[in-house]
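Chains as they are written, first to last, in the working numbering: chain A, 67 to 549; chain B, 183 to 629.
The set of hints was computed from the structure by calculation and includes no laboratory data.
Because the structure is a prediction, the values reported are computed rather than measured.
Backbone N, C-alpha and C fix where the C-beta goes; we use that ideal spot for every residue, glycine too.
Take the hints with a grain of salt, since some may be wrong.
Calculated Cβ distances over 12 Å to all of chain B for the following chain A residues [said to hold, decoys possible]:
id: 1; residue: Glu116
id: 2; residue: Leu123
id: 3; residue: Lys215
id: 4; residue: Tyr236
id: 5; residue: Pro271
id: 6; residue: Gly347
id: 7; residue: Ser389
id: 8; residue: Gln437
id: 9; residue: Ser461
id: 10; residue: Phe473
id: 11; residue: Pro474
id: 12; residue: Ile507
id: 13; residue: Ala512
Sample of chain A residues at the chain B side, in silico, Cβ under 10 Å [stated by the list, open to error]:
id: 14; residue: Gly465
id: 15; residue: His471
id: 16; residue: Asn479
id: 17; residue: Glu481
id: 18; residue: Glu486
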Amino acid sequence: MQTEPNKFVKELTQEKYKYGFTTEVSTDIIEKGLNEDVIRLISSKKGEPEWMLEFRLNAYRHWLTMTMPHWAHLDIPEIDYQAISYYADPTKKKEGPKSMDEVDPELIKTFNKLGIPLHEQRQLSGMAVDAVMDSVSVKTTFKETLMEKGIIFCSFSEAVKEHPDLVQKYLGSVVGYRDNFFAALNSAVFSDGSFVYIPKGVRCPMELSTYFRINAANTGQFERTLIVADDDSYVSYLEGCTAPQRDENQLHAAIVEIVVHDRAEVKYSTVQNWYPGDVNGKGGIYNFVTKRGHCKGVDSKLSWTQVETGSAITWKYPSCILSGDNATAEFYSVAVTNNYQQADTGTKMIHLGKNTKSTIVSKGISAGKSQNSYRGLVRVSSKADNARNYSQCDSLLLGSNCGAHTFPYMDINNETAIVEHEATTSKISEDQLFYCNQRGINTEDAIGLIVNGYAKEVINKLPMEFAVEAQKLLAVSLEGSVG
Amino acid sequence: MAAEQQYIDIFLECGSAINKHSSELLNSKRAEAFENFKKNGFPTRKVEKYKYTDADELFAPDYGLNINRLDIPVNPYKVFKCDVPNMSTALYFVVNDSFYPVSQASPNIPEGVIIGSLKEFSEKHPEIIEKYYGKIAKTEEDSITALNTMMAQDGFLLYVPKGVVVERPIQLVNILHSSVDLMSNRRVLVILEENAHAKLLICDHAMDDVKFLSTQVIEAFIGDNSLFDLYELEETHNRNVRFSNLYVSQSANSNVLLNGMTLHNGVTRNMTNVSLEGKGAEIKLCGMAIADKREHIDNNTFIDHKVSDCSSNELFKYVLDDEAVGAFAGKVLVRHDAQHTNSEQTNRNLCATRTARMYTQPQLEIYADDVKCSHGATVGQLDENALFYMQQRGISLREARLLLMFAFVNEVIDNVRLDVLKERLHVLVEKRFRGELSKCEGCAICK
Numbered sequence: 067m068q069t070e071p072n073k074f075v076k077e078l079t080q081e082k083y084k085y086g087f088t089t090e091v092s093t094d095i096i097e098k099g100l101n102e103d104v105i106r107l108i109s110s111k112k113g114e115p116e117w118m119l120e121f122r123l124n125a126y127r128h129w130l131t132m133t134m135p136h137w138a139h140l141d142i143p144e145i146d147y148q149a150i151s152y153y154a155d156p157t158k159k160k161e162g163p164k165s166m167d168e169v170d171p172e173l174i175k176t177f178n179k180l181g182i183p184l185h186e187q188r189q190l191s192g193m194a195v196d197a198v199m200d201s202v203s204v205k206t207t208f209k210e211t212l213m214e215k216g217i218i219f220c221s222f223s224e225a226v227k228e229h230p231d232l233v234q235k236y237l238g239s240v241v242g243y244r245d246n247f248f249a250a251l252n253s254a255v256f257s258d259g260s261f262v263y264i265p266k267g268v269r270c271p272m273e274l275s276t277y278f279r280i281n282a283a284n285t286g287q288f289e290r291t292l293i294v295a296d297d298d299s300y301v302s303y304l305e306g307c308t309a310p311q312r313d314e315n316q317l318h319a320a321i322v323e324i325v326v327h328d329r330a331e332v333k334y335s336t337v338q339n340w341y342p343g344d345v346n347g348k349g350g351i352y353n354f355v356t357k358r359g360h361c362k363g364v365d366s367k368l369s370w371t372q373v374e375t376g377s378a379i380t381w382k383y384p385s386c387i388l389s390g391d392n393a394t395a396e397f398y399s400v401a402v403t404n405n406y407q408q409a410d411t412g413t414k415m416i417h418l419g420k421n422t423k424s425t426i427v428s429k430g431i432s433a434g435k436s437q438n439s440y441r442g443l444v445r446v447s448s449k450a451d452n453a454r455n456y457s458q459c460d461s462l463l464l465g466s467n468c469g470a471h472t473f474p475y476m477d478i479n480n481e482t483a484i485v486e487h488e489a490t491t492s493k494i495s496e497d498q499l500f501y502c503n504q505r506g507i508n509t510e511d512a513i514g515l516i517v518n519g520y521a522k523e524v525i526n527k528l529p530m531e532f533a534v535e536a537q538k539l540l541a542v543s544l545e546g547s548v549g
Numbered sequence: 183m184a185a186e187q188q189y190i191d192i193f194l195e196c197g198s199a200i201n202k203h204s205s206e207l208l209n210s211k212r213a214e215a216f217e218n219f220k221k222n223g224f225p226t227r228k229v230e231k232y233k234y235t236d237a238d239e240l241f242a243p244d245y246g247l248n249i250n251r252l253d254i255p256v257n258p259y260k261v262f263k264c265d266v267p268n269m270s271t272a273l274y275f276v277v278n279d280s281f282y283p284v285s286q287a288s289p290n291i292p293e294g295v296i297i298g299s300l301k302e303f304s305e306k307h308p309e310i311i312e313k314y315y316g317k318i319a320k321t322e323e324d325s326i327t328a329l330n331t332m333m334a335q336d337g338f339l340l341y342v343p344k345g346v347v348v349e350r351p352i353q354l355v356n357i358l359h360s361s362v363d364l365m366s367n368r369r370v371l372v373i374l375e376e377n378a379h380a381k382l383l384i385c386d387h388a389m390d391d392v393k394f395l396s397t398q399v400i401e402a403f404i405g406d407n408s409l410f411d412l413y414e415l416e417e418t419h420n421r422n423v424r425f426s427n428l429y430v431s432q433s434a435n436s437n438v439l440l441n442g443m444t445l446h447n448g449v450t451r452n453m454t455n456v457s458l459e460g461k462g463a464e465i466k467l468c469g470m471a472i473a474d475k476r477e478h479i480d481n482n483t484f485i486d487h488k489v490s491d492c493s494s495n496e497l498f499k500y501v502l503d504d505e506a507v508g509a510f511a512g513k514v515l516v517r518h519d520a521q522h523t524n525s526e527q528t529n530r531n532l533c534a535t536r537t538a539r540m541y542t543q544p545q546l547e548i549y550a551d552d553v554k555c556s557h558g559a560t561v562g563q564l565d566e567n568a569l570f571y572m573q574q575r576g577i578s579l580r581e582a583r584l585l586l587m588f589a590f591v592n593e594v595i596d597n598v599r600l601d602v603l604k605e606r607l608h609v610l611v612e613k614r615f616r617g618e619l620s621k622c623e624g625c626a627i628c629k
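Whenever a hint applies, use it, and build me the whole structure from the sequences.
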C-alpha cells in the first residue's frame with residue numbers, strides 16, 4: 067500500500083457509477099410543491115377510496131406540525147419540500163399492463179441493463195419480481211404461482227383496491243404517521259410500493275423481490291412496503307436499488323412495515339446502491355427510510371440484512387419490536403461509504419416479550435472523505451424477562467480523511483436481561499497486508515480479500531442471488547481506496 | 183423549566199454579597215457565567231447529555247445558601263478520623279463550600295507547593311491562578327458549570343510547581359454540614375507544572391440528615407511529563423444531590439488516573455471531560471458505583487484525543503440493587519490529526535433486581551484511520567455456573583453472591599495506585615455489599 071498510493075486513488079476516482087444511465091420514458095409528473103390539493107390529486111389519480119385519502123390528509127396535517135430532525139451525525143443541506151414533485155407515473159396508462167407486450171419497451175431495456183430477471187431470466191432465477199420504476203408498479207411476475215398458495219404479492223395501490231380490509235388493518239400499525247418527520251411525509255404522499263400477505267401455514271416457495279429505481283429527475287420517491295406474515299408462515303423478501311446518475315439531489319423517504327404473527331418468519335434483505343454522488347460530493351440520493359418490523363406473535367422471527375453502498379446521505383434504522391414471547395430478531399448490516407457519502411444507520415431492538423432474543427452485527431467501512439455512523443438502541447422493558455441481546459459493531463477505516471462513529475444506546479429495565487455490546491475501530495493492519503504480499507497477492511487484491519472477509523459474516527446471511535451482487539458492489543465501491 | 187429563575191433572582195439580589203465574600207479573580211468570571219446561565223437555563227431531559235438525570239427538577243426545590251459565609255460550628259480536625267490504616271495523608275477540609283482553615287501546616291509537603299483555600303490564594307497569587315481559573319470549564323457549554331462559576335465563593339487549590347514530587351497523598355474531605363436544607367457550590371483547581379507528581383483523594387461526606395445539593399467544578403491542568411492521581415469517594419446519604427463536573431487538560435507525556443467511586447449517595451451526576459492536548463498523554467479513567475434503594479448514578483465522560491500518540495482507557499462498573507438507576511455515557515472523540523491513538527472503553531453492569539435500571543451509551547467518534555479503538559458494554563447478572571460451583575463447595579448462596587459481586591468491582595479498585603487505599607476500599611466495598619454502613623470507625627462525621 068505504500069508503493070503507489072496514487073495509482074489506487076486514481077483508479078478509485080475514475081470508477082464511474084456503473085448504472086448511471088437514463089431511460090427516455092415519457093413521465094406523467096404533477097406540479098412541484100406540496101399542499102392538500104396535491105395530496106387529493108395523488109389520491110384521485112390512483113383512484114383511492116375515501117379512507118386512504120383521510121389517512122394521507124391526517125399524515126400531512128401532522129407533518130406540518132413537525133420539523134426536520136437534526137440529531138443524526140449528518141450534514142444535510144436544507145431541503146425545499148415545495149421544490150419536489152410528489153408524483154410521477156411512468157406507465158401513463160390508467161390500468162396496469164397485463165402482459166409483457168404492454169410494457170413500454172424502453173422500460174424493459176432499462177431493466178435488462180440492470181439485469182433484472184423480468185423476462186427470460188425469471189424462470190431461471192426463480193424469483194417473482196415486482197418492478198417499481200418511479201412510482202407505479204409496472205409488472206408483477208409469478209403472480210399466478212403465488213396465488214395458488216393464497217399468497218398476495220402485488221403493488222400497494224392494487225392492494226388498496228383489492229384487499230382493503232388487510233391494508234386498513236395493518237397500514238400504519240407498525241410505523242404510524244406520527245412516528246417521525248419522514249414517516250409523516252411518506253404517509254401523506256406515498257405513491258406506490260409492494261404489499262405482501264402470506265396466509266397461515268404457508269411457506270413462500272420463492273424469494274420475493276422488488277427493484278426500486280428512481281428515474282425521472284426531481285421526483286422524490288416515496289415507497290411504502292407492507293409485509294404481513296400470518297401464523298406459521300415464512301417469507302424471504304429481497305429489495306435492491308440502483309438509480310441513474312443525476313446531478314440534482316433526490317429525496318427518497320420510504321417506509322417498510324412488517325408484521326410477524328405466531329411462529330412466522332420473515333427475512334428481509336436489501337442491497338442498496340442508490341447513486342452516491344460524484345467524487346466531489348455533488349448530487350446523489352438522500353435516503354431517509356423508516357423500516358420497522360413487529361414480531362407480534364409467539365416464536366416469531368424477523369431478520370434484517372442490509373448491504374448499503376449507495377446514497378449521498380443515508381438515514382436508516384431497520385428496527386424490531388419484539389412483543390411476542392420467544393421472538394427472535396436479527397440485524398446484519400454492511401455499510402460502505404466513500405468520497406463524500408454520509409451514513410447514519412443502525413437498528414433498534416425493543417424487547418417487550420419474555421425470552422426474546424436479538425442479534426446485531428454491523429460492519430461499517432469508510433473511505434475517502436466519508437462519514438459512517440452506527441446508531442443503535444437496545445431497550446429491554448421491565449416485563450421482558452430473560453431478554454438476550456448481542457451487539458457487535460465494527461468499523462474499518464480506509465484513508466485518513468474519513469470518519470467512523472458508533473452511538474449505541476442501551477436501556478435495560480429488567481434484571482434478567484443479558485445485553486452485550488462490543489465495538490472496534492481499526493484500519494487494515496500492515497501485518498495482514500504484508501502476509502498477503504508475501505504470499506504473492508498484490509496489495510489491491512489483498513485489500514479486497516480482507517474487506518470481503520470482514521464483511522463475510524453479513525454477506526453470508528444474504529440469499530444467494532444477492533450475495534453475489536453484494537460482493538461485486540463492495541469491490542466496486544472500494545476498489546483502490548486504500549493508500 | 184423555570185427552576186433557573188430562583189438562581190437568577192438570588193444572583194441579582196445577592197450579587198454584591200457573593201462578591202464581598204470571595205476574591206476578585208473568582209468574581210471576575212461571574213458576569214459572563216450569569217449571562218450564559220440566563221441564556222441556557224437548566225438542561226432538561228431533552229438535552230442529550232442530561233438525558234438520564236433531570237437537572238431542571240433537581241434544582242427546583244428551595245435550598246439554603248450560605249452566601250454571607252457564616253461560621254461553621256464544627257472543627258473537622260477533631261471529629262474526623264480517617265481510619266485507613268497506615269495511610270498518612272496531608273489532610274484538608276472543605277466544609278460545605280468553604281475551605282476550613284488549617285491549624286498547622288502539614289509536614290512533608292515540599293516547598294513551593296500550595297495547598298489551601300482557592301479564595302485566599304487567588305488573592306495572594308493571582309498571577310498563577312489567573313492563567314488557569316475558568317479556562318477549561320466553559321460556562322457556555324454547561325449550565326451547571328455556569329451556575330457554579332457564578333455562585334462559587336471558595337474551594338480548594340492544589341498547585342505543584344515544576345519538577346516537584348509530592349510523595350504524600352493529599353486528602354481533601356468535603357463535609358456537608360447544616361441544620362437546614364443546603365446548597366453548596368465548590369470549586370477545585372489543580373495545577374501541576376512540568377515533571378510534577380501528586381496524588382489527591384477527595385472524600386464526600388454528609389454529616390446531617392437534611393437535603394443537600396452540591397455542585398462541584400474541578401479543573402485540573404497537568405503539565406508535560408507530570409503524573410496525577412485523583413480518587414473521588416462519595417459516601418453520603420439518600421437525600422444528597424451531587425453534580426460534579428471534572429475538567430482535565432493534559433500536556434505531552436502526562437499520565438493521569440481518575441477513579442470515581444460512589445458507595446452511598448442520593449442522586450449523583452458526574453461529568454468528566456478529558457482533553458489530551460500533548461503527544462504521548464495517557465489517561466486512565468475508572469469508575470465504580472454500588473447503588474441500592476432509589477439511588478441514582480449517572481456518569482458522563484468525554485475524552486477528546488486532539489493530538490497523536492495518546493492513549494485512553496476507560497473502565498466503569500456498576501452494581502445496581504433495589505430500584506437503583508444507573509447511567510453511563512462515554513464518548514471518545516478521535517480527531518483528524520490524532521493518529522496512533524489507542525483507546526479502550528469498557529462498561530459492565532450488574533442488575534440484581536428487576537426494578538433496577540441501567541442505561542448505557544458507549545460512543546466512538548473517529549476521524550483518523552491509524553487508530554485502535556474499541557468499546558464494550560454489558561448488562562447482566564451473576565454467572566449461574568459460578569454460583570452453583572461455589573454452592574457445591576459449601577459456600578452459601580448469599581456468600582457466593584457477595585464474593586462474585588466483590589470480584590466484579592474489584593477490577594476497578596485494582597487500578598488504585600495507593601496500596602493502603604486499595605486495601606481500605608476492599609473493606610469498604612465488602613461492608614457495603616453486606617448492607618452495613620461503610621462508615622469509618624471512630625469517625626463522627628457520617629451519621
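Quick rundown of the hints versus the structure:
1. Non-interface status of Glu116 (chain A) relative to chain B is upheld: no Cβ of that chain comes within 12 Å, the nearest being about 38 Å off.
2. With a least CB separation of 30 Å from chain B, Leu123 (chain A) remains clear of the 12 Å interface cut-off, as annotated.
3. Lys215 (chain A), annotated as away from the interface, keeps every beta carbon of chain B farther than 12 Å; the closest lies near 43 Å.
4. The Cβ of Tyr236 (chain A) lies farther than 12 Å from every Cβ of chain B, with a closest approach of about 32 Å, so its non-interface assignment holds.
5. At the 12 Å boundary, the C-beta of Pro271 (chain A) stays outside the reach of chain B, the nearest C-beta of that chain being 41 Å off.
6. The Cβ of Gly347 (chain A) sits about 17 Å from the closest Cβ of chain B, beyond the 12 Å cut-off, so the non-interface label holds.
7. Against the 12 Å criterion, Ser389 (chain A) stays outside the reach of chain B, whose nearest CB is about 18 Å from its own CB.
8. A beta-carbon of chain B is positioned within 12 Å of the beta-carbon of Gln437 (chain A); the least distance is around 8 Å.
9. Residue-level check failed: Ser461 (chain A) sits 7 Å from the nearest beta carbon of chain B, not beyond 12 Å.
10. Consistency note on Phe473 (chain A): stated as away from chain B, yet its beta-carbon is not over 12 Å from all of that chain's, at 5 Å minimum.
11. Residue-level check failed: Pro474 (chain A) sits 6 Å from the nearest beta carbon of chain B, not beyond 12 Å.
12. No Cβ of chain B comes within 12 Å of the Cβ of Ile507 (chain A); the nearest lies about 22 Å off, and the non-interface call holds.
13. No beta-carbon of chain B is positioned within 12 Å of the beta-carbon of Ala512 (chain A); the least distance is around 17 Å.
14. Proximity of Gly465 (chain A) to chain B holds as hinted, the smallest CB-CB distance being about 6 Å (cut-off 10 Å).
15. Contact between His471 (chain A) and chain B, as hinted, is supported at the beta carbon level, the nearest pair being about 4 Å apart and thus within 10 Å.
16. About 5 Å separates the beta-carbon of Asn479 (chain A) from the nearest beta-carbon of chain B, less than 10 Å, and the hint is met.
17. Below 10 Å, beta-carbon pairs count as interface contacts, and Glu481 (chain A) has one with chain B at about 4 Å; its hint therefore holds.
18. The interface hint given for Glu486 (chain A) holds, since its Cβ lies 5 Å from the closest Cβ of chain B, which is under the 10 Å cut-off.
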